Structure formats: structure tokens, C-alpha cells
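Peer 1: Below, each chain spelled out in residue letters.
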Amino acid sequence: MKILSRRGFLKTGITGAAGVALSPAVLRASTQDNIIYRTLGKTGMKVPVISFGVMRSDNQSLCKAAYDKGIRLFDTANGYQNGNNETMLGNLFKEYPRNSFYLATKVKAAGVDREGKPSSETTAEDFLSKFNTSLSRLQMDYVDILYVHDISNPEYLEYKPILNAVKKLKKDGKVKFIGFSTHRNEASVIDAASSMEDWDVILTSYNFQQAYRKELDAAVKKASAAGIGIVAMKTLAGGGFLDKEKTRPINTTAAIKWVLSNPDIHTTIPGMTAFDQLDLNVKLLTDITLTEQERKDILIAGAQPGLFCSGCRECIPACPAKLPVPDLMRAYMYAYGYSDTSQAYSLLSELGTGSDPCKNCTGGCSVKCSRNFNVREKINDISRLVNVPADFLA
Amino acid sequence: MKSKILTFLLISVFPALTTAQDIVFPALSGFRIKTSYPVYTPDNLWDFINGAADTYLSYGFVDLHVAEYKKLKDVIKLELYRHSDNINAFGVYSSERSPSFTFRELGSQGYVADGAINFFKGNYYVKIKTYSKKAKTLQAAELLASRVEAMLEGGNGMPAMLSKFPGEGRKLNEETYINENVLGHSFLSNAFKALYEVGPDNFSIFIIQCSSPEAGTKTVNTYVASTGIDPVSSGEGKYVLSDGYNGTIFLAGKDDRIVIISGLAKDQADLADKYASEILE
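If you read the sequences in order, they're chains W and C. Okay, so the first sequence: first residue is 41 according to our numbering, each after it adds one. Okay, so the second sequence: first residue is 9 according to our numbering, each after it adds one.
Among the clues, some could well be false.
To be verified - Using C-beta positions, here's what the derived DEER-type ranges look like:
hint	chain 1	residue 1	chain 2	residue 2	range
1	W	K208	C	E76	24 to 34 Å
2	C	E76	W	S169	41 to 51 Å
3	W	S235	C	T230	49 to 59 Å
4	C	A158	W	S389	18 to 28 Å
Calculated directly from the structure, the hints in this document are not laboratory data. Treat the numbers as computed from the prediction; the structure is a model and nothing was measured. Where a beta carbon is used, it is the ideal one built from N, C-alpha and C, also for glycine.
Kindly produce the complete structure, drawing on both the sequences and the hints.
Peer 2: Here it is in C-alpha cells:
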């Protein structure tokens with residue numbers, strides 16, 4: 041580019057192709073026709089099948105555009121961007137009539153252990169304090185849905201301090217409906233919740249790559265039949281690509297349509313940070329029918345393993361040698377994903393599994409990886425690294 | 009000989025060798041260290057921080073080491089997030105920062121808020137949290153922060169680009185780094201952003217350092233063309249655009265650097281020019 045002069049900005053005076061930004065009052069009227077709505081269970085909330093997972097967006101204009109195009113449910117959380125996410129939404133929506141949109145947020149209780157069980161640190165006081173902070177950031181008198189963030193153990197569903205806290209918030213009118221989010225052990229948690237009368241909405245991982253399809257679908261069906269609203273998240277199975285280098289994209293439209301082909305899924309909350317992502321997803325507001333090509337794309341994508349271990353740990357009991365398979369896969373990731381052989385070597389040294397951990401399994405590998413990895417091949421591949429002198433890796 | 013051949017073959021498979029710091033959690037007198045958490049990777053970070061993981065992943069997250077320091081009922085939790093580079097570590101740190109926090113000289117920068125001590129240094133974003141209100145435990149958390157800061161590799165400076173933002177009207181501790189989809193546009197990436205308040209005017213300035221002057225020109229032209237007009241070959245490199253989603257945009261470029269200003273009105277070109285020129289000249 042040439043060096044600038046002091047003439048200042050060239051005034052184009054020409055409206056861009058997308059038009060001049062209009063005021064919210066005018067735009068509220070301009071929703072799309074033929075939007076597909078589903079009712080969120082017994083809540084009675086009619087929501088478009090596409091909602092907005094705002095957890096990454098720091099751009100008010102994107103949320104505004106989503107609203108203008110007909111999206112009505114916006115999902116955030118107390119912990120997203122350390123509160124900046126809720127603050128952004130609060131600053132945006134204070135300009136809108138409160139009954140023109142739905143706002144869902146989540147609060148994560150303290151002290152829940154790795155098994156998903158509450159502890160003595162999991163108090164109503166802490167939970168309510170965080171919720172009040174959320175309400176203040178959002179600049180609202182109430183939220184439409186409050187999720188207890190991340191329930192992965194059915195025991196937690198009946199944990200009185202938190203359950204009573206959210207029920208009181210509902211009774212006090214600060215929350216219209218209560219729910220929980222889950223992305224581990226979903227089938228058993230959802231199944232257990234279906235037998236309770238307390239939960240109005242469930243936000244669950246749901247995508248074409250999940251290995252436990254049958255159990256999850258059965259649980260979702262049961263919950264939906266019990267009148268619980270079901271919202272799907274992680275619908276792209278990890279960001280839209282099958283590989284870390286982002287050279288193997290998935291058909292995101294097909295992935296979301298696949299989710300919505302289940303009538304028990306009432307809406308989805310894809311995360312969006314760009315207008316072209318929004319435009320792609322907005323088309324789904326009026327058309328969620330899978331084409332033949334899209335069906336094939338999903339079948340193919342579903343059969344592809346991603347690059348790295350998902351940490352499901354199903355391999356551990358299946359390995360006769362009791363190898364620390366997830367950790368070996370992590371070493372593989374350091375080496376092949378980040379070209380960090382030093383880190384991989386360090387981990388392999390720590391694991392002490394040697395250069396040929398699978399040598400005693402002469403009849404083939406009994407581990408069936410939920411991501412269809414050839415586990416033995418990857419272990420053999422990475423384990424050779426222990427033969428490389430450490431000096432070559434530093 | 010066989011070993012040398014194997015070494016050569018293995019090294020040739022991994023062309024870009026990097027080193028990584030081994031994590032050894034520092035001791036804290038009176039506290040027992042519990043490290044029962046796995047090392048989290050991009051594939052299972054969701055298990056630890058749920059949907060917040062997407063933000064970290066977008067900033068080149070590599071791995072996370074977690075430890076708990078326990079003394080009777082008091083717990084201090086330490087989370088060491090490693091990112092691909094210092095700018096991405098700043099990116100995730102700044103996305104969670106608020107000007108209302110109490111800032112400390114920790115690493116490149118840190119803050120204390122509601123029992124949390126967060127800072128970034130080198131490629132690391134460090135988060136320390138305790139729910140205890142006891143003064144001694146809070147002091148222990150601060151001591152832990154200083155010990156972690158001392159053990160981490162990397163420099164203590166803020167990203168150099170931040171110094172290019174003019175000082176007048178700049179809102180401190182609100183600068184951020186956005187590595188993709190800047191202003192919601194997929195063709196804009198790797199921007200530092202600062203917020204300004206000048207009299208009654210509130211606006212944002214974005215600085216993008218492109219890889220080359222050609223890349224800079226291409227990005228400017230793409231943005232101009234996205235508003236439905238042809239890039240004008242005025243040689244001036246400055247435009248006022250009507251971005252259908254973001255309103256009035258002042259766009260200026262010189263060599264490999266681009267400045268974008270949003271939040272001002274069309275008749276405030278002089279104000280925009282003042283700031284753009286200071287950054288670009």
C-alpha cells in the first residue's frame with residue numbers, strides 16, 4: 041500500500057450491500073416467515089429450532105443480527121469469559137422489551153468432584169451468590185431458564201441444597217424455568233431426571249459422533265415424553281472439523297439438521313462468532329430437512345475418527361495389559377498434534393510403558409476405541425520415541 | 009548404527025521440534041498438594057470447564073495442569089493453561105479481564121477478584137482460586153501465585169502491539185486480542201482491540217498486523233468489497249464504510265498494518281483520522 045497523505049478518510053457515501061444498521065424498534069418487526077418452532081416441553085416456550093450459544097461471542101452486533109433474523113433464545117453462563125459474556129448480553133438486551141427474547145444462563149456450583157458428586161463445598165449460598173451476580177450483569181429481573189451447570193452424576197440431581205435453591209428462585213420469580221446442562225454420562229443423568237418432577241429443561245450434548253447413540257436417544261425420548269424441554273449443544277461434535285489442522289471440515293448444516301431430525305430435540309444452540317456462520321444457521325430456521333447428500337456426508341463424517349483421544353476411558357478396562365491408553369494417546373497428541381516431541385518423551389518416561397508396550401498381545405488388540413482409533417498402531421508409533429536419546433529432543 | 013538411523017527417521021517425522029516446560033507444582037507450607045486431575049487436552053477440556061472451553065480452544069490451548077492445595081477444609085485450586093504462544097495467552101487472559109478488578113504485577117499482568125488470582129506469563133494463563141475467606145488462606149494463595157510466576161518460563165512484557173494504541177481517551181485494562189472473526193467477519197483476524205472514551209464519544213480501535221503489505225492490501229480490499237462497493241484506487245488507503253452489521257467503520261491501512269475504528273459517526277472522520285494517523289505514521 042502507498043504511504044498515506046493527510047487528506048483524511050475518503051467518504052464513500054455509499055450504503056453497503058447489507059444495508060445501514062437500523063434501530064432495534066424497527067428491526068423487531070422484521071422476522072422471517074415460516075420459521076420452524078418447537079415447544080420446549082411443559083414450559084410452553086415456543087422457540088425457533090435454532091438458538092444462539094453465545095459463549096464465545098464478544099460482538100454485540102452479531103447477537104443483534106441473530107435477533108433480527110428471528111433467533112429468540114440466547115444461551116450464556118455465569119462463568120463464560122469470567123462474566124464478560126453476560127455483561128455484553130445485558131448491555132445489548134436492555135434496549136429490547138423483556139418479553140421479546142428468551143435468556144438462559146448457567147451457574148456452576150462449587151465443590152463438585154470429578155465423579156460429579158457434590159461435596160460440603162457445594163452450598164446454596166455460593167450458588168445463589170453467583171446467580172445474583174449473573175442477574176446483575178444481565179441487568180434483568182429474571183432469566184427464562186437457569187441451568188445448574190454440568191451435571192454428570194444422577195446423585196447430583198437430587199442434591200437438596202442446590203435443588204431447593206433453584207426451586208426457590210423459580211418460586212420467587214427470578215427464574216421462569218429450571219434445568220441442568222450435561223455432557224458426560226448424559227444418558228443416565230437424563231434418564232434419572234425424567235423420573236423427577238423438578239426439572240423443566242435439559243441442555244445436553246447431542247451430535248452425530250456420539251458412540252452411545254441408542255442409550256442417549258432412549259433417555260431423550262423418555263425425558264421429552266415426561267414434558268422436559270430438550271436443548272442440544274455440541275452439535276458439531278467439536279468445532280466443525282475432524283482434524284486439528286482444520287483441513288477436514290464437516291458439513292455443519294448437515295450436522296445440525298441431523299440433530300433436529302430427532303423431534304425430541306426442541307432447539308439447538310450452535311456457537312457463532314461470524315456473520316457467515318450466522319447466515320448459514322439462519323437458513324435452518326426454515327428448513328431442517330436432510331437432503332440425500334447431507335445424509336451421506338454425515339454418515340461418512342460419523343465414521344471418521346478425529347485425531348485425538350476423547351478421554352472417554354472405555355479402553356482402560358478392555359486392555360489386558362492395563363496400559364494407560366488415554367495418556368499414551370496424549371503423548372501421541374503432543375508429538376503429532378503439536379510437534380512437541382520433548383513433551384511426548386517426558387510423558388512416556390513418566391508412564392514407563394517402554395518401547396513396545398503391546399508386545400504380549402500376540403492375538404490382536406482387544407481395545408475397541410469409541411473414536412475408531414487403531415489404538416495399537418498409535419501406541420506402537422509413539423512408543424518408539426523412548427528409543428531416541430533425550431539430547432536429540434531438547 | 010541402527011539407533012542412529014532410527015533417531016534420524018524419528019526426527020524427520022517431527023519436523024518442528026519444540027521444548028516444553030515440565031510442570032512441578034511448587035510447595036506451599038501447611039498445604040498438601042493433591043494432583044488427581046488428568047492433564048487436560050483440547051479433546052477433554054470441556055470435561056473441566058464446559059462451554060467456556062471453546063474460548064480457550066480458540067486461543068491455541070495446548071494443555072492444562074490442575075492441582076489442589078489442601079489444609080484442613082481450605083482448598084486453593086491452581087490451574088495452569090498452556091497456550092500456543094504469548095499473544096494467545098494474552099488473548100484468553102484479556103477475554104476474562106475486567107477493568108474493575110484489582111491489578112497486580114504478576115507475570116505480564118495479573119489481578120485479584122473474589123478469591124481468584126489470575127495472571128499470564130509467557131505462554132501460560134494461570135488461574136488460582138479459593139472459596140476460603142480466611143486471611144491466612146488468601147495470603148497463601150497470593151504466595152502460591154508468586155511461586156508459580158517465578159517457576160514459569162517466558163517474559164513479563166505485555167504484547168508489543170498494545171503500545172501502538174494512542175493514549176488519549178484509552179480505557180485502561182480493557183484491551184483485548186481477537187484472533188478470529190474480528191467484528192464478526194471471517195476475513196478479519198488477529199486484531200488487538202482497545203476501547204476509547206473521548207468526551208461524549210465511545211469507540212473501538214482495532215489494529216491488525218498483517219503478514220505482508222500485500223496481505224494488508226488484500227484484507228482492506230476484501231472488507232471494502234464486502235460492503236458492496238469496489239475498492240477505490242485513490243492510493244490513500246482510507247475508507248469510510250457502511251458495514252451493514254457493525255455500522256459506520258473507518259478503515260485505514262499502511263504497509264502491513266490496518267486500523268479499524270468503529271463506534272463513531274460518519275461525520276467524525278477528523279477524529280478517526282487523528283487516531284488512525286497516529287497509529288500508522
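Peer 1: Against each hint, give a clear statement of whether it holds in the structure.
Peer 2: Hints versus structure:
1. For the hinted restraint 24 to 34 Å between W:K208 and C:E76, the CB-CB distance of approximately 31 Å keeps it satisfied.
2. Between C:E76 and W:S169 the C-beta distance comes to about 21 Å, which lies outside the given range of 41 to 51 Å.
3. Roughly 55 Å separates the CB atoms of W:S235 and C:T230, a value that falls within the hinted 49 to 59 Å.
4. In this structure the supplied range 18 to 28 Å holds for C:A158 paired with W:S389, their Cβ-Cβ distance being about 25 Å.
In the structure shown, a violation is registered for the earlier hint numbered 2 alone.
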